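One letter stands for each residue in the lines below.
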Amino acid sequence: MGSAPSDGAGGPLAVFKILVAGGFGAGKTTLVGAISEVRPLYTEEALTSASVGHDDLSGVGAKTTTTVAMDYGRITIGKHLVLYLFGTPGQERFWFMWDDLSYGALGAVVLADTRRLGDCFPSVDYFEKHRVPFVVAINCFDEAPQHDPRDVRIALDLDPAVPAVLCDARQFESVRQVLITLVEHVLASRAAGTSRPWRTPVIRQA
Amino acid sequence: MSAGDKWDAKDSGPVVRPYAVTGGRTEPANGRVLDLIAIVVASGTAAKTDDMMAFSPEHRKILGMCQAPATVADIASDTALPLGVIRVLLADLIVQGRITVLPHQPADERPHTDLLREVLHGLRAL
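Residue numbers (the numbering used here), protein chains in the order written: chain R, 1 to 206; chain H, 1 to 126.
The following block holds chain R by itself, in its conformation from the complex (with noise of 0.2 Å):
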């Protein structure tokens, strides 16, 4: 749609954050990209042992960054809101990104792969760990046998009140009902006192 933020301009306009985790491979650009139009954003990794070789280092003994490639999507509602969704770097030498990524996030959505269960079990900690209300979603890939939502939640120990739905990531219908299942336990956690807050940019109407 190509839209951007400032179509608002004369109303009020209001920035959300969400966030999509999951292990490599889980789905998460895919989602992205069922419901926004994917954009590129560069940012930067800290120098690990996995650059010593690679990264000439030598006459920059200050750099202890290197650029990493993410995505993320824009969706435009009504007039003057926008939701972001970023994806989160799935690899664990990315962690240290996610206090930045989360920072002030409405929520996120935690897409499982029931192959790789285990892939998701970061990122349920980390949104527990930090309130940030999430849903899980999990990705129904066309090879992968299908299994119940219940027995998904029992495998993640997953708290009562978050929400476990199947999804396709594939399809813009499937992923919107994930967001939608998303907002409406953000709301619903909101009210009941168990998250922490989020902070949205709003331009007030002068």
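Fair warning: there could be bad hints in the mix.
[As the list claims (entries may be wrong)] Listed below are the simulated SDA-like cross-link pairs for lysine to any residue, each with C-alpha atoms no more than 25 Å apart in a straight line:
no., chain 1, residue 1, chain 2, residue 2
1, R, Lys129, R, Gln171
2, R, Lys79, H, Gly23
3, R, Lys79, H, Met53
[As the list claims (entries may be wrong)] Some chain H residues close to chain R (C-beta under 10 Å, calculated; not the full set):
no., residue
4, Ile39
5, Arg60
6, Leu81
7, Leu115
8, Glu118
9, His121
10, Ala125
Since the hints were derived computationally from the structure, they do not count as laboratory data.
Owing to the predicted nature of the structure, the values given are computational and were not obtained by experimental measurement.
Each residue gets a CB set at the ideal place from its N, CA and C atoms; glycine is no exception.
Starting from the known structure of chain R, fit chain H onto it as the hints suggest.
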């Protein structure tokens, strides 16, 4: 790619190192790390052309993008510059009074929940 392999040109990244455009600075001048969805907008004061020459091409490009309210993420994406670099450049413009960051609405305000209900209705109507 394992450590110790020989270094291919494609692995070497951009020709100009990202932080070259900040003069090597990695910290925002005002010490404030902007959120990804913080909204920045150019200040009302009209910029004089000669003043503009004090800024780098990247500063001027960002300033142009801020004529309408824009988020930090969109500015970073549109300029293809890393987020950390954009934060440093935006801080320069903030310190110079060229752009301002729009305030966040505290989450405990009542309208916030109403806004969220609007999001919900909007998603259902997508």
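Results for each hint:
Restraint check: the Cα-Cα separation between lysine 129 of chain R and glutamine 171 of chain R comes to about 30 Å, which exceeds 25 Å; the hinted pair is violated. Note on lysine 79 of chain R and glycine 23 of chain H: the hinted pairing is violated, with a Cα-Cα distance of about 39 Å set against a maximum of 25 Å. Between lysine 79 of chain R and methionine 53 of chain H, the direct Cα distance comes to roughly 36 Å. Violation of the 25 Å bound is thereby established for this hinted pair. With its C-beta approaching chain R no nearer than about 4 Å, isoleucine 39 of chain H sits inside the 10 Å limit, and its interface hint holds.
Look at arginine 60 of chain H: its Cβ only gets to about 18 Å from chain R, farther than 10 Å, so that hint breaks. Nearest Cβ of chain R to the Cβ of leucine 81 of chain H: about 7 Å, under the 10 Å cut. The hint holds. For leucine 115 of chain H, the interface hint holds, since its Cβ comes within 10 Å of a Cβ in chain R; the closest pair sits about 5 Å apart. Among the interface hints, the one on glutamate 118 of chain H holds; its C-beta lies about 6 Å from the nearest C-beta in chain R, closer than the 10 Å criterion.
With a least beta-carbon distance of about 8 Å to chain R, the hint placing histidine 121 of chain H at the interface is held under the 10 Å criterion. Contact between alanine 125 of chain H and chain R, as hinted, is supported at the beta carbon level, the nearest pair being about 8 Å apart and thus within 10 Å.
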